[in-house]
Amino acid sequence: MAVRVETPIYRSDWKQGRIAGWLTTVDHKRIGILYIVTSLVFFGAGGILALLMRAQLATPNEHFITREKYDQVFTMHGTTMVFLVVVPILAGFGNYLVPLMIGARDMAFPRLNAFSYWMFLFGGIVLYSSWFTKGGPNSAGWTNYVPLSVNLPGHGEDLWILSLHLLTIGSLATAINFIATIVNMRTKGMTWTRMPLFVWAILTYGVMLVLVLPALAGGLTLLLLDRHAGTHFFIPDQGGSALLYQHVFWFFGHPEVYIMILPAMGIISEVIPVFSRKPIFGYRAVAFSTVGIAFLSMLVWAHHMFAVGLPWGLQVFFMVTSLAVAVPTGVKIFNWLATTWRGNLHFDTPMLYALGFIAVFTMGGLSGIFLAVFPVDWQVTDTYYVVAHLHYVLFGGSMFAVFAGLSYWWPKMFGRTLDERLGKIAFWLIFVGFNVTFFPQHMLGLLGMARRVYTYHHGGLWEWYNLASSIGSGVMALGILVFLANVVITTRRGRRAGNDPWQADTLEWYTSSPPPPENFDTVPYVTSARPLRDLRRKLAEDRA
Amino acid sequence: MRRRNSLVLFVAALAALVAAGAATAANGGFTPPAPHSPNASRIGDAYWFVFAFCAFIFVVVEVTLVVFIVRFRHRGRGREVEGPQIRGHTRLELAWTAGPALILAIIAAFTFYELPGIKNAPAATGANRLTVRVEGHQFYWQFVYPGGQVSIDRMVVPVGKVVHLTIVSPDVAHSWWVPALGGKTDAIPGQTNHTFFVADKPGVYEGRCAEFCGIQHAEMQAEVAAVSAAQFDSFLASHAAGSRTVGNETVVGACAKCHGFQGQGLVGPAIAGNSLLNDTRGLTALLRAGRPPTRTPFGMPAVGKTWSQAQLDATIAALKRTYGKGTGGG
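Quick mapping for you: the protein sequence lines, in order, are chains A and B.
Under our numbering, the first residue of the first sequence is numbered 4, with each subsequent residue one higher.
Under our numbering, the first residue of the second sequence is numbered 13, with each subsequent residue one higher.
Chain B extracted, bound-state conformation (with noise of 0.2 Å):
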């Protein structure tokens, strides 16, 4: 019997072993994408430490009552016979209740030492420090630059910079969330949110809203690409809010997720070749308030609500030269 248990307790501390080292291999999901900013990194730290302890409780918790089926079951004895009538034991109650709270005690404690490296962004001025508005649209991304420079869907900044967000949403609750760079920022209709990332390699950094925000609300994605200074400040200069580039960019992050890339309709009705393309005041109206979903089932948000007048008619020259008659748009 005893070599049984033995047995027993062996499995089960190979089961664990295995579960932790598939844990620590190549990350498999176990823990957060492998950070690239300081908060992120420190975040990384609070869940590995909460996972310790976890794991740990989760262990002794699995292998008692496994142990314990094992042990205690009933071999043929009939129900009538009765284990020992124990009804309690007041000390054992105290030590399992004292022991998780001097636990969570330890987490919360370990959090606090954390929590200024993670709300706190690092001092820094002047050149060293960007700060950028987050959008959260019906269903994309507009960065505002200091500039006044504008991009959609995809924020470029400088490689060790810290950066600043204002995240900011006019239509309805969206989060604002890349993985390698930290946690989640609501963007909340009515309120301004703050955060902060120092991306230490350049590289492009996946993101996506968090929030279910509508019908298009999986492809409402983001990217983060950290570049050179001299990257960065080319960007700035092919990214004014008037620019075609610009336009283009609105049009695919803004129109095309559901009007179809080729504008042939898609959660929104076809707008290739659609006469509204020549009635530019009727498309800003469109733009500027959306429409409500009398006509069409969804209705249409209100996309351009916070566009500068530069990027609006940017993006209308855009809307013409892609969707509009004789383009071959459709």
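The following block holds chain A by itself, in its conformation from the complex (with noise of 0.2 Å):
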């Protein structure tokens, strides 16, 4: 007697406007490109605000913003690249790419996934209304170690929690999404070996967050009740510990920087190959040092801590596991290297940022291992040598990846390409800025500069490098410029992409650009990590 009834698709005429339409998307592919489109609008904000910065550190006792301003600017900076930009891009590459890419109709969870965005978007409205509260936003510094920040006066500190609640619900329901469509919506063929390697990473991704954020949420609840209910778990004068958000803090934060690089790695693992006309070398070991570097970035977190005093068996522990770190890293980097041996490189945009990410990342992760070894650290840390390696990392890392895979999927994302030779320019100002701006800060940091002065007293070498570095954050700007240029150029007048302008080996290039509602009509069964390819050969094998 089983009856069944096919529920008709109601469509409220409201939900088709053009606005409308985005307001109410559960589609994957919209709620990527929001997420995509938020973060670039505070990696603006973000950039405005470094920009700021060097521009008071230019020269020598400068007046430019005063200084708790400078303080207010620093701390939204850092909060703003993390929280509101390299995280929830990455998210919405993974939102966009994971379901077309794993050969599924959508996430697992549409209407979760659009109230992740919601809450992302929340979070960051909350975050910047701090601005225009009394007394202006949150000035602890991105890490807000305690008891500085339990004592700041007016509501920015508040804010600043608040807004990472949002943003820590809103990233766990994503990862929750990601883990379960990766987990049960791949296409028939698609074993975990046949898996895209940056579908890997988003996996690992959405992992660590699930582990870590809990950390953090737990963490900001304790300095919120320390604030404002009479609680003293990081008071020291009272019996707590100021220790112990420096350790909760950094058991999220460390992690997190992870989080924030991986993804960024599974772009590089996607665009190099294409652009080598070869298959990745050693997709196992690429694959298996994502799950390695995970896994051992889970027990690193204090490294950070290095200078507050911690018995020397840790102090020890954790120098072996930072520097253990590193292998993973550097078999990324040779199997990428080994991939471009031999191969017909094209060096179109998104290949001119996944070879600048190889050369700056590297400079990135060397530095790392001086502020592994500990004695070493306690001469580096909390200075501007850790900026700039920040910096190698997460500019020179996430963001140069981020900029390879918004050059390399737009076609798919917009159905026209990006105009190639604006796009080098941006690139090279991009990569030459960069430089200019981070290297003399390792300089600056070695010569004693701290991280976070909002000026110094010094001339000589600390005046030329701050100055090379305030020009290159100019130049750096200039080609983020550039980059828009191209973008609202292109957007009517770019050339058509067809599906596949690349010739690349996933699954989302086997449909239309942009994608219908849905992705695919039919599905080819995946027989490798690369069915493009595969299908394009069997292609030519049937005309010959």
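Calculated from the structure, these hints are not laboratory results.
There may be inaccurate statements among the hints.
With a straight-line Cα cutoff of 20 Å, these simulated EDC-like cross-link-like pairs (lysine to aspartate or glutamate) come out [to be verified]:
| id | chain 1 | residue 1 | chain 2 | residue 2 |
| --- | --- | --- | --- | --- |
| 1 | A | Lys541 | B | Asp57 |
| 2 | B | Lys131 | B | Asp212 |
| 3 | A | Lys191 | A | Glu521 |
| 4 | A | Lys541 | B | Glu94 |
| 5 | B | Lys317 | A | Asp240 |
| 6 | A | Lys18 | A | Glu521 |
| 7 | A | Lys541 | A | Asp503 |
Anything over 10 Å on all C-beta distances counts as not near chain B; from chain A, calculated [unchecked claim]:
| id | residue |
| --- | --- |
| 8 | Leu43 |
| 9 | Leu348 |
| 10 | Leu432 |
It should be emphasised that the depicted structure is a prediction, and the values quoted were computed from it without experimental measurement.
C-beta atoms are modelled at their ideal positions from N, C-alpha and C, and glycine is treated no differently.
Relying on the hints, combine the two individually framed chains into one complex.
What follows is the structure, encoded as structure tokens:
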């Protein structure tokens, strides 16, 4: 007596409007684009904050902005770039690409997916609303150490905590969504080792977020209670522990670094083979090193705390684990290099960013070794050396990969290719500007310049390196403007991209550009990690 | 073609040499500042040891990258032309897992070898040993010597003596850092940390707070002056906690950074000619407990929380002298 009732798809008219369509969407592609566009807007805001700081530090004893504004600016810059740019933009790529790459029609929980995005936007708005409170935004740095942050006046700090709570909830939901999607919804034939490496990275990203975000949320809750409910978890005078906060924060904070770099590495692992016209060298090594990095990254947090007076045994433990992370990271770099070996290298913009990534990320990885060796860390931690290191990893690493990804998947997302000439100009401006900005900061740190200072009184090399760094930041900003101009110009006039403009390997290129709702009519049975190449070869054979 | 490759290699090698040359030349920020204490000098050794390996790996990766980019560029070949479909090579994978692991093990081993000289102070007793209590405050350093003498922002020690530091903070996290005399040690409320140094030459060594501690963090600087034994004795004689000198130093280090050197107001309100200067009890309460940020945008830290009564009296006297009415302090 089973009667199968076809539920008619009810489409209310108001949901079809140009704006309402985006507001009510549960389509993973639209949500992905919303994530990416919103993150890029915050990237612009965070970038302007960075330029303000570089203007202030361009010369000694500068009065471009006041000291209290400077503290707010670096706090908001760090918080924005970590929580509102890199993490969500990678979630945006994941959202857009994962279902396409695994041959699924959407994410496992489309409405939860939309919820995640709106939490992200809402969290960002809450954070930025703190500029309008009395006393302005949080000024304790993105690490927000106690007891300084416990006693900060005004509501900037409270809004900062609230914003991070909202972002955490959104990220947790996304993470669960990614895991459920990847585990359950791969198309026929897509075994674990036929999955694109980017999907491996997003799976790892999801698992790590689920493991560490609760620690952050817990720590923030304790902080909020200390501020307003009269508790003293972090107040040493009253029996709390200031050090506890640092442990909780970095237990989240260090894996967070890898949460921001692993999907970026996933993008690089997609781009390099396609533009080398070769398969990735050592698929399993690259995939398993992703998991290896994720595992080790959970065990290294206290290398941010070598100067707090940890017992010697712990210092040694965290040094060894931190050095160990370099091994799987090196494996990835060597495999990417080997992928280009004897290839047919095409230097389209995505490939330029990917090769640029290898060049500068290597620098960031190696400067990390100095930070892992704890006696050396005592000299360089909390200085501009660390600022240089983290930007080599997060800008030279994650953001270069984001630009690689944007130029690579742009034709898929919008159906038109970006202009190659403008793209290359933007790349070179960003690449050169990046190095001019951040390389001298290594030297500044070794010369003794602490981070988070609103001014300095030294002339000579201090002044020259700071000036170079500020000039570099301007060049980088120019590069980003060229990128934006490229986007604006090609939106209407760009060359139409076919389904597969790069002759790529993975399933997202099988459908039209941009893909229709629900992505595919049919999905071919997957027999290798490169289903599209298989298909092209089969077609060529059939023709022959 | 071959000639072109060797040219690229030559240029790359040249660039590497130039970088190495620049690095070994006078310190342009390529190494921590010249060490003047045995622990700092061993940290310097560790730095160079790590540097050597990292520079080697850096050059290998970057040169390989550039050579591959030049050598395997498309040269007009279309996208449909594929490179050899090589999927991996197990022995190579093992090699570039084991190779770096070995290098890192060597780095770790060298660190363990240097560690005793970095963490253990040379044995010293009695006259050869000095213990100084270092207090990080918003936004000044207070140094307390064994006889109760005090100095602010400038620590004076005899050259060649083993100086043990007991590092604490009564307010927020700070970090003690004098690069020439060793690495950082955080001053964290609720916890006591220890480090040491032995200044090998007379001189003044620059240092500063390295952990962001609030609005005047940038001005929280310090210096260590290493002097002869005789000079050190006269320093101690002039720096009794209740002395006029300490009162003046405290006003300059603890008060003036926020209220301006003329008391004209800066981060905090103007204090020159302020009526509170005549109210010793009110002033004592303010210095001891600070003020919550309800009346001024930043509040005032409890700068005098740890001062002895003698230092407090000396400071209040110095405040009145410097900023009181009729002194022309404004």
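Cross-check of the supplied hints:
1. Lys541/A to Asp57/B: violated (60 Å)
2. Lys131/B to Asp212/B: holds (17 Å)
3. Lys191/A to Glu521/A: holds (17 Å)
4. Lys541/A to Glu94/B: holds (15 Å)
5. Lys317/B to Asp240/A: Holds, at about 12 Å.
6. Lys18/A to Glu521/A: holds (17 Å)
7. Lys541/A to Asp503/A: It holds: about 16 Å lies between the C-alpha atoms, which stays within 20 Å.
8. Leu43: holds (28 Å)
9. Leu348: The claim is violated: Leu348/A sits with its nearest Cβ about 5 Å from chain B, within 10 Å.
10. Leu432: The claim holds: Leu432/A sits with its nearest Cβ about 19 Å from chain B, beyond 10 Å.
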